[in-house]
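Colleague: The chain contents come next:
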Amino acid sequence: MAVLKVKFSKTKRDKLAQVLWILNWISVVTGAILFSLGIFLKVEINKRGEVMAERDVQYVPNMLIAVGLIACAINFLGGKICYDCVDTTKFLRWKLIMLPYTVCTFFFTFCVLVGALMCYSMHWELEESLNLGLTQAMRFYKDTDTPGRCFLKRTVDMLQIEFQCCGNNGYRDWFQIQWVSNRYLDMSKKEVIDRLRSNVEGKYLMDGVPFSCCNLNSPRPCIQQQITNNSAHYNYEHQSEELNLWMKGCRQTLLEYYTHILQSIGLTVLITWLFELSVLTGVRYLQTSLENVLRQGDPNSDSEGWLLENGLMETARTNLNVIKNLGKSNQIGGGDNGDPNIDVPSTSKAHYGPDNVPPKQKTEAS
Amino acid sequence: MPFLTVKFNLQKRVKLAQGLWLIYWLSVILGIMIFSLGIFFKIELRKRSEVMDNIESHLVPNLLILVGMLACGLNAFGGKMCHDCLDPMKFSKMKSMLKPFMLLSCGFNILLLLVVLLCFLMQFSIYLTLAEGLKNSIRFYKDTDTPGRCFMKRTLDMTQIEFRCCGNNNFRDWFEVQWISNRYLDMNNDVVKDRVLSNVEGKYLMDSVPFSCCNPGSPRPCIQHHLTNNSVHYDYDHRTEELNIWNRGCREAVFSYYSSIMTSIGVLISADVAGLKYLSTTLETMADPENPECESEGWLLEKGVKETFTDMLAKLKTLGRGNQVQEGENTPEVAT
Chain A
1 MAVLKVKFSK TKRDKLAQVL WILNWISVVT GAILFSLGIF LKVEINKRGE
51 VMAERDVQYV PNMLIAVGLI ACAINFLGGK ICYDCVDTTK FLRWKLIMLP
101 YTVCTFFFTF CVLVGALMCY SMHWELEESL NLGLTQAMRF YKDTDTPGRC
151 FLKRTVDMLQ IEFQCCGNNG YRDWFQIQWV SNRYLDMSKK EVIDRLRSNV
201 EGKYLMDGVP FSCCNLNSPR PCIQQQITNN SAHYNYEHQS EELNLWMKGC
251 RQTLLEYYTH ILQSIGLTVL ITWLFELSVL TGVRYLQTSL ENVLRQGDPN
301 SDSEGWLLEN GLMETARTNL NVIKNLGKSN QIGGGDNGDP NIDVPSTSKA
351 HYGPDNVPPK QKTEAS
Chain B
1 MPFLTVKFNL QKRVKLAQGL WLIYWLSVIL GIMIFSLGIF FKIELRKRSE
51 VMDNIESHLV PNLLILVGML ACGLNAFGGK MCHDCLDPMK FSKMKSMLKP
101 FMLLSCGFNI LLLLVVLLCF LMQFSIYLTL AEGLKNSIRF YKDTDTPGRC
151 FMKRTLDMTQ IEFRCCGNNN FRDWFEVQWI SNRYLDMNND VVKDRVLSNV
201 EGKYLMDSVP FSCCNPGSPR PCIQHHLTNN SVHYDYDHRT EELNIWNRGC
251 REAVFSYYSS IMTSIGVLIS ADVAGLKYLS TTLETMADPE NPECESEGWL
301 LEKGVKETFT DMLAKLKTLG RGNQVQEGEN TPEVAT
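These protein sequence lines map, in sequence, to chains A and B. Heads up: the first sequence begins at 1 in the UniProt record's numbering, then just goes up one per residue. Heads up: the second sequence begins at 1 in the UniProt record's numbering, then just goes up one per residue.
The shape of chain B in the complex, shown without the other chains (with noise of 0.2 angstroms):
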């Protein structure tokens, strides 16, 4: 017994088409989409991979890279198809390709919900790398003169200025590193000494932070050095001034940057995926022109739902076994 049969006569099957290659075309459109998005995702991430250590996976971009192509070329190929269906002679050509597409598209549809669900998943993995890059990036931010992490000081200050952000946590890393280099600091000033031995690592650490932490809202000038002595400067609580400098860590703001890029494209594809794919895959399965001119029924599914998986099942089961060797069944032909 048919699943949701709708009765169609020719104006409704050449209607039918007409909407089905619309919604084709929206779709090669949406792939276009999710491909561009894909490389948006994936130069965001390079922008930043030095605060993330370079060890960043490239999984979800890439993939959208991929899903997007395949969506564009899926679709269009089904939006000729549609094209055709409405010319009897040219649907003969087609009707054999008509059944591998649409499994075809229905393993699409599995893809494209997986890729939503990486996208959600992946954010974990991105606030780890995020954590411990950044703290790597504190603490190499004063080797200014080392080859490969010379442009470490300038990317940090770079996010902290665009993210407006200080240190991974709070603006008090800054206080257990030593951030300034020891060819700037005179090993000669008795203050500087007593500073690099009160501390068993001979660290050079102070209540300072560099000057991207500081926020250009604050209505006074932006004080950097000796936070929590509150006797230095004039009308300063340390406890109660919010404004100077930026009290967001940089893991939370970088990480929600990325957490909404992801969120966002994950919410269009299932969009994507809910609206348009599921209504062309059902309308597909309901056209039938074998008889041009007098009245066809359409249906969802030839049998019912449990029928059809069974089915299924037993022609995957026939598909396996075709590998192995047919017993019984090739003799008649070698004997000739």
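Here chain A stands alone, though its shape is the one from the complex (with noise of 0.2 angstroms):
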């Protein structure tokens, strides 16, 4: 019993070509669309590379490049099949290669669809790899003479700069780490001496942030160092002062600024997605129905097509008999445990020349 039987007349099924042949013009499209965006956000990442930690999120993008590839080249097989399918006789070219193309077509939108999910949960890896990233870079920040770390500076600084924010988490973790080379501090001054002493590990810490992290809007000129101490700047409070610095760390900065990319570039492949699959059951139908039209023998005729010939249960398990036969294949048949000096009576027809008539019993024995 088949499943979601339609049935065609000749000019359904030559519009339903006709409308195929659009869709999967239109799916290139979406394919083209879907690789650039997986370039663009190639780009993204790796411009943000510095302060990002362990770069496993490249699997995102590298997926929607190759889904994308893929999609033009298999959309584009689609539409030049549909476009000959409307003539029953340039059908028979693609006779053969249509169900293997409507099989591979079923996998590509289920990768797809992992796509897509894929996006969303990009989410969590890139936190853990922001934040581990944020906290590295500033803790290189004054190694301005370290190759490989000196150009870290102004990287953090346009980062903080460009996206509005100051810090990982806020601008408290400046103050944590010392952030000016030991090559601009004066040694010989008592205070720098005992601020150096004045923590575990010899480290200057004081209350005081880069320029970068200066707030624009802010109506007065930027105070960057004492920020804790009332008393050191007029009429300044600094538990009520928000317009001075950037309130919010980089990294819930950076993690909003990709979510918002990656919620974009989910719902694309999810509508292309439902593209995908809109092509793949139309080209199925029109599969099934063209190969029931050349069953019955007359092109003008009707025809039913149909998702799948027997029921769910029954293809599954056919399928899965033709896999394990395939496998059986490789190894020698049958019940007589493979030893080849059994005789085993010959069950087919001899063959007896070109006309398949036996030969005459010799009667006269000599």
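Some hints could be false.
[Said to hold, decoys possible] Simulated restraints on C-beta separations:
1. B:Met206 with A:Phe175: 35 to 41 angstroms
2. A:Lys248 with B:His238: 42 to 48 angstroms
3. B:Met206 with A:Lys248: 29 to 35 angstroms
4. B:Met102 with A:Leu92: 54 to 60 angstroms
5. B:Met206 with A:Asp145: 29 to 35 angstroms
6. B:Asn189 with A:Gln176: 29 to 35 angstroms
7. B:Val14 with A:Thr315: 56 to 62 angstroms
8. A:Asp145 with B:Asn230: 20 to 26 angstroms
9. A:Phe76 with B:Asn247: 54 to 60 angstroms
10. A:Pro219 with B:Asn189: 16 to 22 angstroms
11. A:Pro219 with B:Met206: 14 to 20 angstroms
12. B:Arg46 with A:Asn235: 32 to 38 angstroms
13. A:Asn169 with B:His238: 44 to 50 angstroms
14. A:Trp25 with B:Leu313: 53 to 59 angstroms
[Said to hold, decoys possible] In the DSSO-like style, the derived pairs of lysine-lysine whose C-alpha atoms are separated by at most 30 angstroms in a straight line are:
15. A:Lys12 with A:Lys95
16. A:Lys47 with B:Lys47
17. B:Lys47 with A:Lys248
These are calculated hints, taken from the structure and not from any lab test. What you are looking at is a predicted structure, and each value in this text was computed from that prediction instead of being measured. Every residue, glycine too, gets a C-beta built ideally from N, C-alpha and C.
If you follow the hints, you should be able to join the two separate chains into one complex; please do so.
Modeller: Here you go:
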């Protein structure tokens, strides 16, 4: 009993082929869009690569790029097939390829869905990566003379300016690390030595932040040094002052930025998936209806199309048997335990030459 | 004697019309590009109108937008005409419109050349506007409580960060201006009182710059205050220090940005005029499919260059005279 049988007349089949041709070309365009979205995401992640710790997040844009390319190729082929399907003679060319093509498209559609889900799952890995990366970057902020890290200061400053954020969770993260290099500290001064001795690790800590934390919208010139000391500045109270520095942490800001990008990309991929699903259904109906037409012999007659010839369980069972037999074809056959010396009676018909007439029995024995 | 004649048979005419049609549609795309460049330029001017004192002239972008739209319309019509040229019946309808259309094209080319000239000349006016506007911006930097100027600080900070510049000519412009509002100065402090009294106008001047002048590429944390005092900072010599704050003045930086936009627009339009327009006008005048089957001659100008000019001048004179009362010609009609 077929699944979702639909009757197709000749005109209906032709219309289906035309509609599918248009849908396939639209899907090629969406495949190209997916590809470019993958490249965009890859570029965005690489731009901020210095503040991300492990680079395990590259698998999502790579998947998108691959899926986009495959979508273009598959739908291009599908468009060509559907264009030829209107003419029954041309369909014979594609007859053998159509079933494998439909199966491939089915698995590919599944891949697209997986791609969409991965976009949403990347969130957690990204957060972890950003957390570690930002902590590292802030720790090496002062090492502008160490090769390999000399541009980290510039990167962190530009990041804080561009994304309007300060520190990892907030500006207080800067109070816990030494962000002024020892090269610029006057070791002969008493205050400097006191500060260095005041903590276990011998770091020069202060309640000051780099200039890139300054908020542009503040009505007063930026207060960077002695932030927690109200008496050092006129008419200043650090508990109620919100416009002086950027209040948001960079991890939060970057996460929001990437989540926003990923959500839009995920939505686009889901819409592409729905498109691919509809194209797949249409191609399957077209394939089955055209095969039935060929079986009936008359190209102008009505035919039936279906999704699956038998029920879901039966089709699954038949396919499993096919796969099992594929595996068995390599082994030597059957029930005689593989011993070639046992005489197996021939069950096939003997071939007696071109006219298939058995030779006359020789009655006279010499 | 015709100017630059070429012999045309049917196939050559068809190829010519097809080539022209392609050129016209290319010109439509260029027209769209000019239109969008005009809009982009207008938006860029609007974005920085505060540092230009809101008096910048929008003549060039408005003209670009107009020219872009005209180019689209004219070239689309030209393309349609080329498409119809191959059909002799349609051509006879269009024949009357051909000559005025070509005159219009010539006039439009002259307009394009004018726009290119303006692009190069208006740069001076932008330079002067910028100089004045930035000077005022720096002066009103501290007035974040005055309505109408409360975002000047933000705009100037953003400009200095984005264009990587400091001050009008250089960072010393900030030394001459009080950029800290009196609201944040403790007038009871002796140091403050001394500084305010130390100059004639009673301004609180200091050798410091705002944070937006800081260069993120500097290896050491930014030194904003006491810039000219070497002893206040460890291992610092203000004469040799180049990476601490931006050395460029904002007038130079912003002006070079705008002049590069205007120069590239001018170069693009002149390339368009030189390349496509000339080609299309010369090919246009050569098309003459009155006899569809047999060969025909095409020319650039019907008579020699000099004769054509005298003809055109004579025609212009008669156009001017057409408005005046014509004596002696209307009387036979009136007299029935």
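Colleague: The structure should be examined with respect to each hint, and the outcome stated for every one.
Modeller: Quick rundown of the hints versus the structure:
no.: 1; hint: B:Met206 with A:Phe175: 35 to 41 angstroms; verdict: violated (27 angstroms)
no.: 2; hint: A:Lys248 with B:His238: 42 to 48 angstroms; verdict: violated (35 angstroms)
no.: 3; hint: B:Met206 with A:Lys248: 29 to 35 angstroms; verdict: holds (31 angstroms)
no.: 4; hint: B:Met102 with A:Leu92: 54 to 60 angstroms; verdict: holds (57 angstroms)
no.: 5; hint: B:Met206 with A:Asp145: 29 to 35 angstroms; verdict: holds (31 angstroms)
no.: 6; hint: B:Asn189 with A:Gln176: 29 to 35 angstroms; verdict: holds (32 angstroms)
no.: 7; hint: B:Val14 with A:Thr315: 56 to 62 angstroms; verdict: holds (59 angstroms)
no.: 8; hint: A:Asp145 with B:Asn230: 20 to 26 angstroms; verdict: holds (22 angstroms)
no.: 9; hint: A:Phe76 with B:Asn247: 54 to 60 angstroms; verdict: holds (55 angstroms)
no.: 10; hint: A:Pro219 with B:Asn189: 16 to 22 angstroms; verdict: holds (20 angstroms)
no.: 11; hint: A:Pro219 with B:Met206: 14 to 20 angstroms; verdict: holds (19 angstroms)
no.: 12; hint: B:Arg46 with A:Asn235: 32 to 38 angstroms; verdict: holds (36 angstroms)
no.: 13; hint: A:Asn169 with B:His238: 44 to 50 angstroms; verdict: violated (36 angstroms)
no.: 14; hint: A:Trp25 with B:Leu313: 53 to 59 angstroms; verdict: holds (57 angstroms)
no.: 15; hint: A:Lys12 with A:Lys95; verdict: holds (19 angstroms)
no.: 16; hint: A:Lys47 with B:Lys47; verdict: holds (26 angstroms)
no.: 17; hint: B:Lys47 with A:Lys248; verdict: holds (26 angstroms)
When each numbered hint is compared with the structure, violations occur for hints 1, 2 and 13.
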